[in-house]
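Trainee: Sequence:
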Amino acid sequence: MSRRTATVVRRAPAGAGAPAGVFGLIEGERAGVDALRHPALRAAAFTGSQRGGLTLARIAAERPEPIPFYGELGSVNPVVVTPGAAEGRGTCPGGPAPAGWSGRTIRRRPRPAC
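In the numbering used here, the protein residues as written are 9 to 122.
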């Protein structure tokens, strides 16, 4: 999850009346392991490598009181831009990829000339 997405997600529970701190983004291996071992943590989610996720899942399961662990391990998340959406934003489908793009482009029709 990006820092920008985390900022948006952090606001949602607060807007619904949830207590502060119900969601947080933790970055870094040591910080993640320390948080996962903290007795106040009641569940954890992770998006990243298989190796890292399996390690964290094991830590969550081996706690004195195991907690739920939700992992998205080793995947590449799809980004879909419809021709209409791209047209409305002044970009060309199949054009230059956004910064950080790690996926592939799938097209149903030949790329339009832009």
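Mixed in with the good hints there might be a few duds.
[Unchecked claim] What follows is a set of in silico ranges between Cβ atoms, one per label pair, in the way DEER data are often shown:
no.: 1; residue 1: Arg-71; residue 2: Gly-36; range: 12 to 22 Å
no.: 2; residue 1: Ala-51; residue 2: Thr-90; range: 31 to 41 Å
no.: 3; residue 1: Thr-90; residue 2: Gly-29; range: 12 to 22 Å
no.: 4; residue 1: Arg-38; residue 2: Arg-12; range: 22 to 32 Å
no.: 5; residue 1: Glu-73; residue 2: Ile-34; range: 18 to 28 Å
no.: 6; residue 1: Pro-76; residue 2: Ala-24; range: 14 to 24 Å
no.: 7; residue 1: Val-30; residue 2: Glu-70; range: 35 to 45 Å
no.: 8; residue 1: Val-17; residue 2: Arg-71; range: 39 to 49 Å
no.: 9; residue 1: Arg-38; residue 2: Thr-90; range: 23 to 33 Å
no.: 10; residue 1: Pro-72; residue 2: Ala-93; range: 16 to 26 Å
Since the hints were made in silico from the structure, they are not lab data. Since the model is a prediction, treat every value here as computed from it, not as a measurement. Here a beta-carbon is modelled for each residue, glycine too, at the ideal position from N, C-alpha and C.
Trainee: If a hint holds in the structure, say so; if it doesn't, say that too.
Mentor: Hint by hint, here is what the structure shows:
1. About 20 Å separates the C-beta atoms of Arg-71 and Gly-36, a value consistent with the hinted range of 12 to 22 Å.
2. Distance hint for Ala-51 and Thr-90: a CB-CB separation of about 35 Å, consistent with the stated range 31 to 41 Å.
3. Hint check: Thr-90 to Gly-29, Cβ distance near 37 Å, so the stated range 12 to 22 Å is violated.
4. Checking the proposed 22 to 32 Å range against Arg-38 and Arg-12 shows it holds: the Cβ atoms sit about 23 Å from each other.
5. Between Glu-73 and Ile-34 the Cβ separation comes to about 20 Å, which falls inside the hinted range of 18 to 28 Å.
6. In this structure the supplied range 14 to 24 Å holds for Pro-76 paired with Ala-24, their Cβ-Cβ distance being about 20 Å.
7. A beta carbon spacing of about 24 Å between Val-30 and Glu-70 contradicts the range 35 to 45 Å that was offered as a hint.
8. Between Val-17 and Arg-71 the beta carbon distance is about 25 Å. The supplied range of 39 to 49 Å is therefore violated.
9. A hinted range of 23 to 33 Å for the beta carbons of Arg-38 and Thr-90 is inconsistent with their spacing of about 41 Å.
10. Between Pro-72 and Ala-93 the Cβ separation comes to about 49 Å, which falls outside the hinted range of 16 to 26 Å.
The structure fails hints 3, 7, 8, 9, 10 (numbered hints given earlier, in ascending order).
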